[in-house]
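*Asks:* Residue numbers (the working numbering), protein chains in the order written: chain A, 34 to 479; chain B, 445 to 688.
No false leads were mixed into what you were given.
Pairs of lysine to aspartate or glutamate, DMTMM-like flavour, derived with a Cα cap of 20 Å: (1) K308/A x D382/A; (2) K398/A x D530/B; (3) K558/B x D521/B; (4) K558/B x D401/A; (5) K398/A x D382/A; (6) K398/A x D521/B; (7) K558/B x E606/B; (8) K398/A x D385/A; (9) K558/B x D530/B.
Please keep in mind that the hints were generated in silico from the structure rather than gathered at the bench.
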Amino acid sequence: MTTLTVARLLARPAASGRATLALPIVAFGISTALLLTTLAGAMSFFRWHDGNAFTYQALAIFASALLLVPLASLGGSAARLSARRRDDRLATLRLLGATTGFVGRLTVLESMALAVAGALGGVVLYLALTPLVALIPFRGAPIGAGALLLNPLIVLAVVVGVGLLAGVSAAIGLRGVVVSPLGVRTRQSAPHSHWVRVLVAVAVLAAVVFCVANPSILGGVLTVIIVLAAAFAAANAVLGLVGPFVIRRFAASGLRRATTPQRLIAARSVLESPKAAWRQVSGVSMTTFIAVFAGTALAMIGAVSGERADRDELILLDDVRTGVFITLAISFVMVACSVGVSQASAILDRRDLYVSLDRLGMPVKTMDAARVRAVLSPLRIVTVGSAVTAVIIVLPLAGVALVLAPLSLLTIAASIAGGILVVWLGLLATSPVLRRALSEPIVMME
Amino acid sequence: MAAILEASDLIKSYGVTHALAGVTLDVQAGEALAIMGASGSGKSTLLHVLAGILTPDAGQVSLHTQRGTVSVGALNDGARSALRRDAFGFVFQQGLLIPELTAVENAALPLMLKGVARQEAEQRAGQWLASLGLAGLEQRRIGQLSGGQAQRVAVARAQVIEPLVVFADEPTGALDSATSAEVMDALIGSTTGRGRTLVVVTHDESIAARCTRVVRLRDGRIVETRSHVGGMDYIQTPAQGDRR
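Isolated chain B (complex conformation) (with noise of 0.2 Å):
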């Protein structure tokens, strides 16, 4: 697998807290990256610099599309944005979707801001729907929706680009832990499944075990990147290197 998403040497601090301290990351294309830390450990401030929601202080996060090469801090926020909104899909713990737009309206607004016809963006993301399970409930509006049909609309806005990456934060944190796993069976198959590539943020083993590599965070560091191939656990860390 080629990395899609280069991250080197990043530092971010808030005043004197230091969320990020010199943490260097490949993303593999099609992989599942499970981010995970305890509260604190800089793991959503790495999803968001990676992602070009934050810049970082310094270092720098590469992204390599068939086009070519674009390094995400150099961007100014109006190509940031126009980056996310072309290249990312977004997953967010309590969904925040718009609640006075129905499901499906919610699903095809980006294809929408991206210049798509509303006819054909609506049909677009009714498809994804469907296919997350949700046929029939395209007008509902998301006050009229359980919490995990919620993060599925979720997932279906975030898809109905086709990214070249998903990033999920805590996309299960706010479900029980069978709604949860219904939320992570759309957002795997729909990301991985397809061959596009996913990162996630988590506190919960049960979702990290699903992706195929985990790196934990400590203090703004990577303190172990923990890989799963073929069925074998293998686990690197900075002061031992890799081991089976």
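So here's chain A without its partners, still in its complex pose (with noise of 0.2 Å):
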């Protein structure tokens, strides 16, 4: 009861409260309404069942894969900002005595609350975007609203485990808070990722080499499809485990060769937190990923339409080119809204250290400057990674031809100019919330 009591207390807007609360509901939002969408997509393949239905479910299956282990990433992301975002405030509870568990148990309240909040607002999202999902046609016919209906039971599954993650991460995210308040609150130390992590990332990458490489030992079809389809999935995932520690390393480079001062405090924002880095641009990473395939399927349907006029064949190359484009289309929304949520909240972070250094005179544009580099700088690095490690899984599978084709290429390439051109317009978007905090200074009376 008292945990409730409280939990409302501090639900109650502060100054800056409103953003607080609605950023990570907006962030929940859009993450449970593309993984909605994502799936009712999906699904709405598994009504069919003649002969090409099972290509059309497989390449269904081989979509959600690539884009599962981003939208899970954005929704803990979204997860792990509901819980920073309230981290300072329970600290300050667990200074004035209150016990670790009621801590925990506020902390994980207050994230599911938010994070259920947000996934039934992404219900609603995903209800409004359907008829315009609808539209879209595959086999020769728009896909049809009826098709995209889900089940509620899978809909209410999607809620729950939507707030299950938040709470999940929640407690795993304030640890540190439980475990020692003041640490949390002096920002101690730095952290550091681990070089076993690349150690593991490539024994990862090897195995999804060997499995794309020899699909015969695997089994059957559906076998070898669920397999490929995790096989990619892992892919991506291991990005995820390497991305910080390269990151890391690049900045610590740049800190070295720093002579401004927007260079000197992006590098040094980055290796604040090489994780959180990788996070503003994982999106990016997961899009060039995508490119790669994506081009190199694009290149292939070029290839076999110019060779066979099967009308069958034809609607069904069509159909992967129209899977193509959505999937990359919504790693783009994922992008955008990753970046829009995770830089307004940085922003709003560090409202009191804005303020304090438009007083001493720093401008706007060197703080925006150090903003933008702190972004632009990993996800360079990042794209060229996820381009390389996506095009060494997809050799074997390919072969070199397909993959260097002029179609191919330009995919790639387009993917990964649009990526940044998200990215950076993502950061566009975010100046005025620095400069409204700039011009509303915290008033003081005194």
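With the hints in hand, could you dock these two chains into one complex?
*Replies:* As structure tokens, then:
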């Protein structure tokens, strides 16, 4: 009962409280809507039972596997966002003598409440998007809204799952507050990424390449497809494992060479939390990863279309092309959402600091430049790393000719450029948040 | 002493609340001026207006430099920002240092903003840190310093550009009395001790007692000015005029 009372008190909007509550809710809402739409799209293919149905279903599983890991990652970011936005007040409660159990329950409860609120909004958004998604043609006709309506039990399971994800993530994320509230409040030491991550990543990547190169040892066709889909999802997860380590290495090198305030602050910001820097750009990593597969698939379709004229096959190839573009479009939306939410949150988190820097006379464009550099520098590393990883996996599957075909290279380049553009636009879109924070300095009547 | 800052008839309101209701004040070059008053009296607003952080609704602030007089309130945002960067130093209650940067990087930042090369900026910042008793702690991050040490880094950051005026807003508000005394030693020693000017907002009488002049605000007006000259206190109130 006490937990509920305090939770209700903390839920009251404070000075920057509306944004504190709204940002995680929006992030959870968009994650949930994308998850439901992806699920609905994939499951709509399972209403077919003719000869070609299995191909569509296999491709749906494959596309979902490519999207589910980054979707889970976006959901996880939203969960951490909701937890981090509250940890100062929770740490204060801990300093005031609240028990570990009390702080833990409060944390989990708050994060789950925000997540469920966002997820319910996401359900509404999914339903609102359904008529539009229903217009997308597959097998020569629009999918239709009826095929995209998920079983209510599945929708309920997703809402509950998002809530649970938020609760678990909050509990893990706030261990620091519970163990050492002062440590969290004063940020005593920068975290370090261990090189063992690289070894694990190389091992997983090797296993994935082995599976891709030797599908025959896996057994039946369905098993092959499921294992391959899992392998691609694993490869994507590997990027998340090794990304922060590589970003940290490059940032350390950037720090040594920094000659301007913006370069110095950007490098130090990345080093402060390579994981957070990775999370901000991980969407583009995934887009790049998908782009390599998409580019190769489009090149393959182009080659096959030129050779055959069978109507059913042409429709299938058209549908694969549509699927590729949808997968890329969803990944772009995830990137835009992730960058916008995390950047706005980062500005609000550091509002006092930005105001103080403004008072010292630091130009806003310098603050903005530091912020942009702290995101775009890791982004460059991430896009190259992801593209190389994806090519390593695709090569045994498709061969050099298809991977390096002009259409393939064009798709990859356009997707990378699009991803970077989306991040840059996300950063631009949050500049007004910074300017508003500075134009409304903390009023002191004293 | 000549006035380095002159404020006349300053008025500043937040909605229906008058934070400054006609303040006229001269800040003399080389003095340590304390601004005191109860919460809500307008003392922080006065400091922000003097420093060009806020613009007054009416009245003006003039800064007298060797190159001429600058009307602070007439400058646009960018020019006031440049003025703060070039002519003023700031120490805030919570330090408000950049937590990711080391002590020496924080202290060097104002110099780098003025275009000084990083190596030279860090060298000069290091000298300031050493003079404030922080030798050997240059590479520590802010979270690895005590409150008093962090506040001395803030003092070094304020002093490193050798500003005309240092503004301090409750610089010891978050510290215990012993640490407060250390920080004030550092702040006063590095400003008036070197012929520079210090304007400090404080609640603390013991800090005010170390300043050469104290003005007290109530409801946005100066209600008392106390000068400490040659061991004697001179008190001036708007109603009573000068008295000893």
